[in-house]
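Visitor: From first to last, the protein sequence lines stand for chains A and B. Note that this note's numbering has the first sequence beginning at 1, numbered continuously upward. Note that this note's numbering has the second sequence beginning at 1001, numbered continuously upward.
Please note: incorrect hints may appear among the correct ones.
Partial list, computed: chain B residues near chain A (C-beta under 7 Å) [to be verified]: (1) Val1058; (2) Thr1078; (3) Leu1096; (4) Gly1101; (5) Val1104; (6) Val1108; (7) Ala1109; (8) Val1149; (9) Thr1159; (10) Gly1257; (11) His1259; (12) Gly1261; (13) Thr1315; (14) Ile1317; (15) Leu1333.
Simulated from the structure, these hints should not be mistaken for laboratory data. Keep in mind that this is a model prediction, so the values were computed, not measured. In this text, a Cβ means the ideal position worked out from N, Cα and C, and glycines have one as well.
The primary structure of each chain is shown beneath.
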Amino acid sequence: MDDLVLARSLFGTTMGFHIIFATLGVGLPLMILCAELLFQKTKDQDYAVMAKRWTKGQAVLLGVAIPTGTIAGVQLALLWPGFMEVIGRVMSLPFQIEIYAFFIEALFMSIYVYAADRISPKMRIFSVTLVLIGASASAVLITNVHAFEGTPAGFQIENGEIVDVDPWAAFFNPSFFISAAHVAVSAYMTGAFMISTIAAFKMLKNKRNERVYLFHRKALMLSLIVGGIFSLLTALNGHESAQMLHEYQPEKLAAAEGLFETQDYAPLAIGGFTDRETQEIKFAIEIPWALSFLAGNSFETVVIGLNDFPEEYWPPLFVHTLFNGMVLIGSFLIFLSIAGFIWHKFLKKQHFPKLFMYAFVIAGPLSLLSIEFGWIFACTGRQPWVIYRILATEDVVTGSTQIGILFLLFSLIYVILAIAVLAVLKYYFKRHPVEHELDGGSLQQNHVSIT
Amino acid sequence: MTADSLLAITVLWGFVFIYAVMATMDFGAGFWSMIYFNKDKTNATNIANRYLSPTWEVTNVFIVAIVIALVSFFPGATFILGTVLLIPGSFILILLALRSGFLVFSHVAKDYEKGLTYVSGISGFIIPALLMLVLPITHGGYIEQINEVHQLNFAALFTSPNIYAFMGFAISSTLFLSSLLLADYSNVADELEAYRVYRRDALILGPISLLMAFLIMITLRIEANWLYTNMLDYLPFLIGSVLLFILAGAALFIPSGRHKGRIGRPRLAVIAVTIQYLLASYAYGRAHLPYMIYPDVTIESGFTHPNTFRALFVTYIVGFLILFPGFVYFWKLFMKDKRYLKQNES
Ligand code: HDD
Ligand code: HEM
Ligand code: HEM
C-alpha cells in the first residue's frame, strides 16, 4: 500500500475511534442535565441516582475521549502537514476557540465529579450545564473545520501564495451552521439512545424485581423523549445538509444517490449498490421524482449526475451505501421513539412486548453506527480533495514513509483501550448495582466521588 | 522580528512553560503514587492521587493548546515539524493515551489498581523524556533532507550526549518539581509522614536536576554552539536561576513559621523553584530566537497571515476573560479547600 492510503487509513481509524467517545461525551451530559433537573423538580431520588451513575460512566469514557482526541489533534499536523499549514493561515480560529471550550469542559467536569459533595445543587446544575456547553461547543467548532474543507471561504490562492485572508469569513463558511447543527443534534440523539439501550437491557434482565424495573423504565422513557426529539431534528436538518450538498458539492450528492445522468424529475434510489461499469444501482428501490424534490423542494429541480464531472473527481461510489444506512437508521429511530412513547403514555401499557424491547436495546449501537456512516460518508465523499477544489489530499500528506508500522501500533492501542474501557465499566457497575443506591441506599456518602 | 511574531512566540513560550510546570507535577505525581503504592502508612500515594485526580484533564488541555498555538501562529513551521516529529510524536501520543486511560481506570477499578497504577506511573516518567526531545531536535543538528523531504536522523539522535542530557534533565526535573509540590501539598494537609517522605525526595532530586542542567550546557557547547553562545548573553538570568535554586534548598531547612517543630517552608521553595525555571527557560528561549527550527525556519518565515493573527489574538483576550473565573474557582475547590485536602479516604 502506498503511504497516502496508509495515512488515510490511520487517520480514519483514529477518527472512527475517537468519535464514539466524543459523541457520547456530547450526548451524555445532556442526559445527566435532564436527570439533575428532573430531580430538582420532582424530588424523585431515582433521577439523582441516574445522574450519578451516568456521570460515573461518562467519567470513565472521558479516559478514552481525551487521549484519543489529543491523538486526533496532533495527528492532523503529523499526517497532513500541508493541510494544517493552510488551516493555520486561514482557519485556525475554530481550533483556537475550541481550546477554550475544552478548558470549560475540563474545569467543570472535574468540579462536578470531584467536588459534587461540597457544592450546592444550583452549582451542580450550573457545572453540568457548562460541561454540556463546553462539549457541544467543541463538537461544533471542530465540525466547522470539516465544513470549511467542503465549502472553503475567506481566502484566495494566487501563484501558490495564500492571499486575501479573512479569518471570520472562513469561520462562517457556507455550510458551518448546517453541518454543526447536524453533528450536535445527532450527538444528543445518540447519547439518549445509548441510555435506552442500557435501560431496556436491564429491564429485560430484571423483570421480577419491580423496583429496579421501574427505575430503568423511568430512564427509558426519558431517553425516548430526548431521543425522539433529537432524531426528528437530525432528520430535518439532514435534509438541509443534502440540499447544501446539492448547491455546493453536487458530485458528492450524486455519488450519495448513485445518480449518473443529470436530470430533472430525478428518482431517489434506496438501498442497493452502485455499479461503476453499467452506471446503475443494483437491487435498489426507486421512488420516482423524489430526489429532485429532496434536493430543491420541487420536482423540476435539475440534479447534476456524476457524468458531468471528470471521473478522477468522482468520490468513491460506496458512499451511497453509507448515506442510505444513515438515513434508514435515522428514520427507524424516529419511528421507534414515537411508537414507544405512545405505547406507554397513551395506551398506558406497563410492559413492552419483547420485540419492542430488543429494538430499544439496539437503538444505541445503531445510532453510533449512523454516526460512523455519516462521518465516513462526509470525509471519504470529499475525496480526492482535502479542501474542495483547492487542495488535493495527495499534495498535503506527510513525506515520511514509516506510516505502516504506526498504523499497526495505533490500532493496537485502540484495541487495548476499547477492551480496558469495557472491562472497567463492567467491573464498576457489577460492583455497584443500582439496587444498593435506590431508596436512600448509600446516596449521600457516594454522591459521585470518583477516586 | 516584528512585534506581532514576537508577541506570538511569547504566548507560545508561555504555554510551553505553564505546561512544563503543570505536566511535571502531573507526571511526577503519577510516578510517586506508584512508588509509594505499598506504603499504606505514609498516605503518600493518597496525597499524590488527590492532587492528580482533578488536574490531569486540565493539564492535558495545555498540550493540545500548545499544538494548536504552534499550528495557528506558525503554520510555516508545521510542515517540517510535522514531518520530522512523526515518529517521536506518535510514540508520545501512544504513551499519553495509555497513561491517561489507565489513570482514570485505576481510580474506578479498585481491584486492579496496582497494575493500572504501574502502567500510568511508568509511562508517566518516560513521556517527559520524550517530550523534551522536541527541544534539541529544533536545534537543527539531527534533521537532514532526503529527496527534499526533511527527515530525522535517528543515528545522530541516539548517539548524541546532548540528547541524553536533555532527557536526563526532563526526568530528574519532573521528579524534583513534583516531589517538592507534593511536599507542600501534604504540608498544607498536615500529612506529616507524607511531607517527610516528599521533602526527602526533593532534597535528593534537586541537586541531580541541577547537575543535569550543567550537563546540558556542556554538551550544548559542542553540539549547538550557536545556541550556547547566545545563551551566554543571558548569563545573569542563568546565575539568578542557580541562586534561586539555592534559596529553595535553604527554604527546606528553615523551621516552619506556623507549626512548631516542623522543618522547612515548602511553599517558599515551590515559588523559588518556579521562578528558577522561569529564568532559565527565558534565557534558553531568548537565545533560541529568531530560529524556530535552526536554520530552516525563523519566527518570521513561519508566521501566520497577519489578519489571522489579529483575529486569534482577540479570541485570546476574550477567552482569557471568560476562563479566568473558572480557574480561580477550580483552584479554590482543589488547592485551598481544607475539606478536600484533608479527606481521609481518597
Ligand atoms: C445519529 C446519527 C445520524 C443520523 C440518524 C443522520 N445523520 Fe446525517 N450525518 C451524521 C449523523 C447522522 C454525522 C455523523 O454527524 C454527519 C457526518 C458529517 C456531518 O456533518 O454530520 C452526517 C452527515 C450528513 C450529510 C453530509 C454532510 C457533508 O457531507 O458535509 C448529509 C447530507 C446527511 N448527514 C443527511 C442526513 C439525512 C437526510 C438523515 C435522515 C434521517 C440523516 N443525515 C440522519
Ligand atoms: C469524527 C468523525 C470523523 C470520522 C469518522 C472521519 C473519517 C475520516 C476518514 C475515513 C478519512 C479518510 C478518507 C479517505 O481517504 O477515504 C478521513 C480523512 C480526513 N478527515 Fe475526517 N473524519 C471525521 C471527522 C473529521 C473532522 C471533524 C475533520 C476536520 C477537522 C476531519 C478532517 C479530515 C482530514 C483533513 C482528512 C484527511 C484528508 C482526506 O482524506 O481528505 N475529519 N476522515
Ligand atoms: C465531529 C467530530 C468530533 C466531536 C463531536 C468531538 C468531540 C469531542 C469531545 C466531546 C471531547 C471530550 C472533550 C473533553 O472532555 O475535554 C473531545 C476531545 C478531544 N477532541 Fe474531539 N471531537 C470530534 C473530532 C475531533 C477532531 C477531528 C479532532 C482533531 C482535530 C479532535 C480533537 C480533540 C482533542 C484534541 C480532544 C482532547 C481535548 C482535551 O484534552 O480535553 N476531535 N472531542
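Visitor: Evaluate each hint against the coordinates.
Guide: Structure-based check of each hint:
1. Val1058: Nearest chain A Cβ about 5 Å off; hint holds.
2. Thr1078: It holds, given that the least Cβ distance between B/Thr1078 and chain A is near 5 Å, below 7 Å.
3. Leu1096: holds (6 Å)
4. Gly1101: holds (5 Å)
5. Val1104: holds (3 Å)
6. Val1108: holds (5 Å)
7. Ala1109: Holds: closest Cβ of chain A sits about 5 Å from B/Ala1109, inside 7 Å.
8. Val1149: With a closest approach of 3 Å, the B/Val1149 hint holds.
9. Thr1159: With a closest approach of 20 Å, the B/Thr1159 hint is violated.
10. Gly1257: The hint is violated - B/Gly1257 has no Cβ within 7 Å of chain A, the shortest such distance being about 29 Å.
11. His1259: violated (25 Å)
12. Gly1261: Hint on B/Gly1261: violated, closest Cβ of chain A at ~31 Å, above 7 Å.
13. Thr1315: holds (5 Å)
14. Ile1317: Nearest chain A Cβ about 11 Å off; hint violated.
15. Leu1333: holds (5 Å)
In summary, the structure is inconsistent with hints 9, 10, 11, 12, 14 from the numbered list given earlier, while agreeing with the others.
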